[in-house]
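S.K.: Now for the letters of each chain:
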Amino acid sequence: MSKEILDSDDINRAIRRMAHEIIEKNKGVSNLCLVGIQKGGVTLAERLASQIEAIEGGKIQVGKLDITLYRDDLNTKVEQPVVKRTEIPYAIDDKTVILVDDVLFTGRSIRAAMDALIDFGRPAYIQLAVLIDRGHRELPIRADYAGKNIPTSFNDRIEVTLKEDNNKDKVVLISDK
Amino acid sequence: MIKSKHLLGIKELTSEEIYHILDTAAGFRDVLHRDIKKVPPLRGKTVVSLFFEPSTRTKTSFALAAKRLSADFVNFSVSTSSVLKGETIKDTALTIQALGADFVVIRHPSAGVPHFLSNILDMSVINAGDGANEHPTQALLDLFTIQTHKKNFQGLTVAIIGDIAHSRVAKSNIYALTKLGAKVRLICPPTLMPAEIGKLGVDVFHSIDDGIKKADVIMTLRLQLERQSKGFLPSLEEYFKLYGLTSERLKLAKSDALVMHPGPMNRGVEIESAVADGPQSVILEQVTNGLAVRMAVLYLLAGVRK
Amino acid sequence: MSILITNGRVIDPEQNIDGYNDLLIKGRKIQGLYPKGKGPSADKIIDAAGCIVIPGLVDMHTHLREPGFEYKETIKTGTLAAVKGGFTTVCCMPNTKPVNDTISVTEFILEKSKKEGSCTVYPIGAITRGQKSEELVELEALLKAGCIAFSDDGHPVTNSLIMRRALEYSKIFNVPIISHCEDLKLSEGGVMNEGFVSTIVGLRGIPKAAEEVMVARDLSLCELTGGRLHIAHVSTEGSVKLIRDAKARGINVTAETCPHYFSLTDEAIISYDTNLKVNPPIRTASDVEAIKEGLKDGTIDVIATDHAPHHLDDKNKEFDSAAFGISGLETAFALGLQLVDQGLFDIRQLIIKMALTPSRIMGIGKGVLTVDSDADITIINTEKEYRVDSSTFLSKGKNSPFNKWELKGTVEKTISMGKVFEWN
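Protein chains in written order, with my numbering: chain A, 2 to 178; chain B, -15 to 290; chain C, 5 to 428.
Calculated from the structure, these hints are not laboratory results. Don't take every hint at face value.
[To be verified] Within a straight-line C-alpha distance of at most 20 angstroms, the following computed EDC-like cross-link-like pairs (lysine to aspartate or glutamate) qualify:
#1 A:164 / A:11
#2 A:4 / A:157
#3 A:60 / A:94
#4 B:134 / B:19
#5 A:85 / A:47
#6 A:40 / A:160
#7 A:85 / B:7
#8 A:26 / A:145
#9 B:238 / B:221
#10 B:-5 / C:277
#11 B:21 / A:120
#12 A:60 / A:80
#13 C:33 / C:47
#14 B:-5 / C:271
#15 B:51 / A:73
#16 B:74 / C:324
#17 B:-11 / A:80
#18 C:321 / B:106
#19 B:21 / A:73
#20 A:40 / B:221
#21 B:74 / C:317
#22 B:74 / C:47
#23 A:85 / B:14
#24 A:149 / A:73
#25 A:85 / B:106
#26 C:388 / C:51
#27 B:-13 / A:166
#28 A:96 / B:19
#29 C:321 / B:256
[As the list claims (entries may be wrong)] So the derived list for chain B, only partly shown, Cβ under 10 angstroms to chain C, looks like this:
#30 -11
#31 100
#32 106
#33 162
#34 165
Quick caveat: nothing in here was measured; it's all calculated off a predicted structure. Note that the Cβ used here is the ideal one computed from N, Cα and C, for glycine as well.
Using the sequences and the hints given, assemble the complete structure.
M.R.: This is the structure we're talking about:
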């Protein structure tokens, strides 16, 4: 069974709100950069960046981070991993890095992302922005900015698709029941 | 996706698998350009090298690849081990497995030893050269290097010059290049051409000038110096005269042709120094790429469901 | 003790018999042949319904390994394997340790066979001392001790002059010189047939020419000397042609091949299965066809096993250092039967090639069911299918490339010198 829980307008509103929160919390954007986690976070980071730029003006640096090599489930996953590109074409030392992902679930991806990020330099702060927080954390990790909290059961799936990826904006909850 | 947890040869791979390894290697090449060149996916895994032939570059390359992936790397030294006391290869390999290794990287003068071991062992077997059969990671790194410069394998003409009969590098490259749609030309004296090799869909040349004409890539192979004493060649000087890659001859190939060599080189036997060090040479790039390719292989094999 | 074999289809090429007959054995001899149901009563009746009753097979090329390599095979286990395979006579090659080049070794083999053997064993003496291709052995002494032919099998006689002398000198006794044809320089380091498959698997090849140049040499020497030459384990198309041509010119040559040379091609070696490693090597499809053609037209006279048992440790290793050889006694007849099924020739021809002709070449009077001949009889169900399981071989050598093959033709009973061996 699948149910659309966010449509295009909902998503845009959530992104706009997160943009405002990011600006407010960091008192401006002077030392800020965004890093989207492959694969779902990359487009979202770009959209979040343009929203922040629209509000504050200036240019926000955006990178993409592949966490495949930092995962802890190489031998337990059914599918084989595909290593994607990491592109962070700027120094992150002493920056405030906002990690961006589509869904926050167990927290393991974020753990891997922080490990990966630290191999690129020493940021002053790492903050986390996610479109959906669905609960069920297995690690002490929380989002600084969440578009929407959605209660789910563990075996549900959440699919986020965005129009930049040749699709329409939507968030769908798929459950086995 | 990679189907087998062993890398025995290119023969056993599909073109999709080859491309998957090359794509993964591209990711690892990025890692190698970072300040911190180490990533954690093989933490807690152990890679053991078991080399029955002398090798520095391949073994070092595998060692670094393993360490860059955060695996432990141990060399099982054949020259100082029980192998010299008559232990069979089977017992040696089982010992390594009992020590808890996850991968064994093997080089052996007998063709088929990796296949033999893969039937006995639970751990992954990686062929680092077996007799005159295959040297799959060398071919993969050669492909990776060609891909960097030429993008597409379809319609590419690759000339391989040298001791084809005894060369596992040539064999692996022949399988790999033909699988990906490149045209392969083999150039060597008839005494060093393996039987019925033409059946693999390659063109055979005994004249280097004919063979490298308009080639996109030229691979020269190391000539084992003992070929002369075994009667395959009258002299190394005559070999260089007939088959050495010189600047003059290189002009017959396309102007942007790549010059490759798996190393170690015999300068003045199979290749002139001016060519080896010249602008068309990608020989050192091959070495760097070898690391990325071997990281990709270790990483992908670790991900194959046991 | 008398035994009557009844209800079977009795085939004896020697007497041109092929029909349902009763066969009476008394002691160690065949006593009589009667129309079906007309045989007299006997102490023991063997019902051979659905089976063929044929002369016990004769293998003129067996390695029993004893003395010296008892961990690979002994006279006891080798002759048990023989009777299991339907053979009642084996001729054992001299490449033991020590080499059978002196009467003491010959006598040892014969005594041991008498004590522990299940079938008749005839030793083949070496041609040269220590099989070193240097000096001839004492032929007369060895013949007197019980050898029936000479061969340096396992090694060729590299010295052409010595080979000439052997062919000449053996004429005194009218015994065959069995030649293992291999040019050691051409085959050096080789472990399989040289060709496309050796290129693919990267193993060193043995060219067909390594066999053929020696076949040509020995045929020339045979023509020169008028001696009796027997070419062992013919494996190539070229050798078949050379022998065919020599026979047409009246040269006194006979030849054998082995089941693996008409049942397998080198393509199987893609698996690096060391059980496929044998010398001469398994060749290509065109060679297999030529071997079959040679068997059919009589160029090749005999199917021998070249039974070469090895210990598992000698095979369970890298292809290059694994031992050469196939444990062949227990699958030979079923593989020969495939030729009959393929229509190459009839079963009578198969019996000729596996019993009558080898016996004639060796001059031992076996391979027949005539009255008063030795009670060597094999009873085979030629229709029964089975799956080869080399672990159940009675030979110590489980090294068979035919393991797990589905074959037809089971040896139900073998009677060797009147003694009955039965299975199933």
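S.K.: Could you check the structure against the hints above and give me the numbers of any it violates, in ascending order?
M.R.: Going through the list in order, the structure violates hints 4, 9, 12, 20, 22, 24, 25, 27, 29, 30, 32, 33 and 34 and respects the others.
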